[in-house]
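Each chain, letter by letter, is given below.
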Amino acid sequence: MQNVPLKRRDFLGITGGGLFVVIHAELARAQEPARLPTRQAAVADFNAYLRIGEDGRVTCFAGKVELGQGATTSLSQVLAEDLDVALDAIDIVMGDTDLCPYDMGTFGSMTTPLLVPAVRRAASEARAVLLQMAAERLAVPADSLRVRAGLVTDPASPSKTVSYASLVAGKRIERHLANVPVKPVAAFHVIGQSPRRKDALEKVTGKAKFAADQLPANLLHAAVLHVPANGAKLATLNSASATKTEGVRILQDGELVAALHERPDVALAARDALVATFSPASSTPDDKSIFDHLLKTAPQARPAGQRGDVAEGERSATAAIEHTYLNSYVAHAPIETHSATAAFENGKLTVWASTQAPFMVKNALTGALGLPADKVRVIARYTGGGFGGKTEAPQAIEAARLARMSNRPVQVVWNRHDEFLFDPFRPASVMKIRAGLTAEGKIAFWDALFVGPGEREAAPFYEIPHQRTLSAGGWQGGNPPNMHPFHVGPWRAPSANSTTFARESHIDVLAAKAGVCPVEFRLKHLTHPRMRRTLETAADKFGWKPGKTPSGRGVGVACGMYANACNATMAEVAVDKRTGVVRVNRLVLAIDCGIVLNPDGLRQQAEGSLTMGLGYALTEEVRFKGGEVLTHNFDTYAIPRFSWLPKIDVVLIDNPETQALGAGEPPIICMGAVLANAIHDAIGKRLLQLPMTPERIKSALAS
Amino acid sequence: LNSTISFTLNGKPTRVTVDGERMLLWVLRSDLGLTGTKFGCGEALCGACTVVVNGEAVRSCVTPVKSVAGKKVLTIEGLGESKLHAIQQAFVNHHAFQCGYCTPGMIMSAYALLNKTPHPTRDQILQAMDDNLCRCGSHVRVVAAIQEAAGLKGGA
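As given, the protein sequences belong to chains S and Y, one line each in that order. With this note's numbering, you'll find the first sequence wraps up at 724, consecutive numbering, no jumps. With this note's numbering, you'll find the second sequence wraps up at 173, consecutive numbering, no jumps.
Pulled out of the complex, with its shape left as it was, chain Y reads as follows (with noise of 0.2 Å):
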């Protein structure tokens, strides 16, 4: 079953041999040792386990790791790793998080909207990190975070 799977993770070359079928996410908390992206619901429907594949957020929980077969993959580890990125800083400014179990998977949603939508009104900011949840209630800070980080004006 075993087969070796190559991919680009936080930029670099990196080959796994596993069972391809296996969860991304299992992979990278296990077999690679990035904690950093969590287990939180196993059914994407939490949005803890966010990474983002080829500028696309993607539930890492309910991702095969065979289909990130030369794909680029970035998780919260490959952020910011001499200074923070835009998003973790206005994050930090914002205290955008509480108990921070939710936070890299909401960063990776917003690295992902941001790639993406580099502008994004309030709405589609809403909108596009609307599965992640938080149950600290940190919601309104995530929001003024991701403003912030976009260029728009902070606060929420």
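Isolated chain S, as found in the complex (with noise of 0.2 Å):
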């Protein structure tokens, strides 16, 4: 435990007295980027911290972000475990760029990896320093002392008790205990369990609060004018029709055009009223010329996973096959939309916005106003959906620049039409595989090349003795700026999402052409011993009926490791021959994500990600010309829905030796491959093109 300085005294003041603990998260840390001096710089030594109020409340403060994952939920239960106090004694606060410290994002699942390791270890050493103070008080040796729901008592003497409040009532407390072991699994009694969602109440009475549902006093809304395609720009405004309504104003600062009114609809119509003429963009791909394209301007390959030698390999191969995998460009769509409010006050800016990343978006807000760290406050106190779109948050600059320009609070929030032309999509991509068998049907070598997805989980891990991946451009920025006409960025399991179709089709296109079921192939060529477990847990609950592939029953398998975490899906589709289209009936998932801190929650995760996986397998796909994205709302881009939901089962892997580990994305990432997979059993056609709509279907069974 750390004492709290009093250069610290600035969240003191915010947050009252108790005993305050420091959480480190030493891996979250290094990855914080240099150049983020904010006013945390001061303290930004640790990631979390939290207090045990003279109420007996305990409030944890963290920069990450509740979108629905159920951080707050677990967090609560870690500190409820490691200090012995109720899970309603808990207070979670995250997302406040005040109130919490310096965190970089909510990304990558790494809250549960990296956060609550920390969290664990701080509450553990809180616990043990107040079990000091408790023997202290009551002259009883602390290892004879009880804990429950944060009362201290002597169970030889059950008179003497004290509680964590009063301990720490009107106290500074500066101790430090060093080694203090956290609690064994086996002592668990609430990680582990699932609680109600601490944010339940809130979401089904509609009082959970975005940030469009805040309403400051004299608030306008603004509509921003955007450019028709990403790299057009401005050419000529007039304004005159617009401003006939009574209220609107029209305001510009450069680039920035927007229409503001008391009325959001007020002011989405004066926008929509404004006569604009653009320059074109310069961009030409459209969604069929992209991947010559992308193989024309990506950068230089680098390896991203080598092993012996491919050409030898290759010579001592039997058999080899080559196929071109592509993936398009998908979107995140979440159901609310960017969306930010800003107001001033005293001088000092605070937008609530929609993001998944306050301190970037704080640090961007800084920059883009002039503002020194002081004056900017950010908070996304719920976020609708996020998965990877919004680090950024350019709607909360429109909205600061609009708030101070017209000096009332602005909000604003982007059309589904603004949102795909602004999402930061998931790259699309060319993934070329060369492989081949020996006589014994194993895999003699694997030569792969990916062309833009980044090359997360691109090498495979099964065993091959000659095996080389490259990957040229990635989802991380650094591409040449004309490789994409628009911006990629994270898209739930990045790179794995695309890397994993590419690597489980093929590995089944060589099961098959060994003859061998597409299971026992996989096992033939696994050691991992958490993936190899995995799989065979998949299959005893799917019931998997060992065979070859194409069998005619549509069934399929796929693997996948992310972020550490290792599953296996299979599925059962029907494939409609005449129309194309593909119904998934069944879907099965083992996942060994280490120590499940909340199995309820781990199967939310899961089943959210297999739901949401069926539409970059089957529909979803980004239309766009010379820039300009074609795709403008939920008729044009189908998102999976009630009526496509399979019977899904989820079987989490208890793993107590592993330690816990994010899931909100690794179950996602076969979901191109075992649909792929299953399409294949069942109609003895393999799709290499995602999504695998109607007319591809059609097309491969026309072939």
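Since the hints were derived computationally from the structure, they do not count as laboratory data. Just so you know, even glycine gets a beta-carbon here, dropped at the ideal spot from N, CA and C. Check before you lean on any hint, since a few could be wrong.
[Stated by the list, open to error] Only pairs whose alpha carbons sit at most 25 Å apart, straight line, appear in this in silico SDA-like list of lysine to any residue:
1) S:228 / Y:29
2) S:569 / S:670
3) S:228 / Y:141
4) S:265 / Y:36
5) Y:100 / S:215
6) S:668 / Y:110
[What the hints assert, rightly or not] Simulated coverage check for chain S against chain Y, where a stretch passes if three residues somewhere in it have a Cβ under 8 Å from a Cβ of chain Y:
7) 231-237
8) 356-363
9) 451-460
10) 540-549
Build the complex from these two chains, which are given one at a time in their own frames, with help from the hints.
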């Protein structure tokens, strides 16, 4: 436990008295970009902290955001467990840059593996200090005391009790205990349970406040005039008819043009009445020509995995098969569009923003508005889905600039068209894999080139003596400026959701070539014990009947690893050969993500990933031409809906040997391949391009 | 253009003096401050803005406010004011949400469904809810929650 030195009094001032414990998550700190000097610079040596108040309540402040993944609930469980306090005595404050210490952002399935262990260590130490204080107070040795629900008791003398609240009352506690052990798994009574989600009541009653639900006094709603295509520039503007409506203001500052009104719909209508011309975008590819374009514009490929000698492996192979797998741009399409409410008060800017990364947004705001860090506060209380698409928040800058220009609070809510146009899409990709078999039916060599998706999980985890994986371009930026016609970025399990499609499809291709059951073929090439167990568990739950493909049954399998979580997915599909429509009847997922903090929360993430993954596998594809996104709304971008629902079985593998791992992303990565493999099993044709739309199915059937 | 429009909102007589062509969603959220009803697509394609008008689920983003004159409008704020409605309780029990943004619209669509069809089959639930989109993938739980609220066997 750290003392809370005076330089941290700004935190203390906001949060009141009590016992403060700061929490270090070393890896998260190491990943903090050095270029982010914020007000938190002085206290950037910790990532979260908790306070045990004089009222006995425990408050944990962390810079993560509740996106729906249930982090507020799982963090509460961890604190309740390691402090021995009641779950409902815990409050979690997240996503507020004034109250919470710096956090890079909520993505990459990092909250559980990085923040949770740090919180556990800090809570365990706090509990030990409190026990030591109680021992002094009660004149009883600390190791004979018991704690339950924040009340310390001497079992030998039940009248001797003291609460955490009274121990911390009126004090500044400055003690440090080294090497306090955390509770062993066997002693858990809160971790591993599935309590009611902390956010449940607010979310079912409509009381949960999202960024656009903030309605400060004198609020103006702004509809921003966006360019019609990425790369286009405003040329001329005539606002005469837009200003005819009473109360409409048109504000312009360079490229930022917006219609403002007290009512959001009136502002939007005024924006639509603006007459503007734009210089055309320079981008030329469309959603058909993009794959050739990517090959032409990609940067030099870099090694992403190498073992043995591919040329030697190829000489030992009796058969080789090469396929090129294609994947399209997909949108994040959260139901909450990018939104922000910005208000200045006494020179200080507060922005409520829908974002996964409030500190990143704060930094962007200080830069864009030229404000010192202590004059900007970003609050992301609830965010209506992110999936990687809300790490940046350009709408927050729009709102803040307009608030300054108008001298009034301003709210910006992108409409669905804006959302599709400026979404940082998952990059499209071209993935070539050439691989061969030995006479014994083992994989002799594997030679892969991934253009576009990034290199995560690109290299196979199977035992292949001679293999080489190259990767060119990625989702994290650094691509040549003309490579993608628009922004690309992280999309739930970035890179892995594409690379797994190609790899697991090609493994099935090889299994079929070898005439071996695809499960057996995988097990023959797998030595990773957790992955093997995961695959066997899925096969058992699914009732997998061994057999070579295509069998006509419409069953498929795929394995994936992401953020150290192992998952195996199995599917059963029916393909309507006349319409080309694929119906997914059943999905089984087995997942090993270490210690399970909250089984129901994990199941939610798994079910959500599987359901969402139906979309990128079957229908989701951004249409575009010349930088213009032709996909405008959900009528032309089909995301999964109720009528698609398969029967879903999720098996959580009990693995107390491995640290708890994040699970918001891993279960989605197999969906492309497992359905491609099941479709191949059903119709005997291999789909090499996602999404596997009815047209592509029909065209495969006709080939 | 402005006219005075009277309707019953969550059981209370309500009058607004607005342009009657404006959509109910914005009048609810902005003029009346009821932010439980959400904007998602603006074209009746996602269901986030669903409210119940005279027992029917409607998309408030394409419903001119004049069309609810004299009618009974129910929003998420009007459900379970003192105690959770059975549907809300079932959504809690099944954790039938993640980010929670589509949830008010889901609950209002489910309310209208059970209003008309108290004991729906699974297929009827899928059909009635099909135009309510959820990006987090809470569908299996929403179905289970509606089944529970309808007094049917819970579980997906």
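These are the hints, each one checked on the structure:
no.	hint	in the structure
1	S:228 / Y:29	19 Å, holds
2	S:569 / S:670	24 Å, holds
3	S:228 / Y:141	29 Å, violated
4	S:265 / Y:36	15 Å, holds
5	Y:100 / S:215	23 Å, holds
6	S:668 / Y:110	20 Å, holds
7	231-237	holds (count 4)
8	356-363	holds (count 3)
9	451-460	violated (count 0)
10	540-549	violated (count 0)
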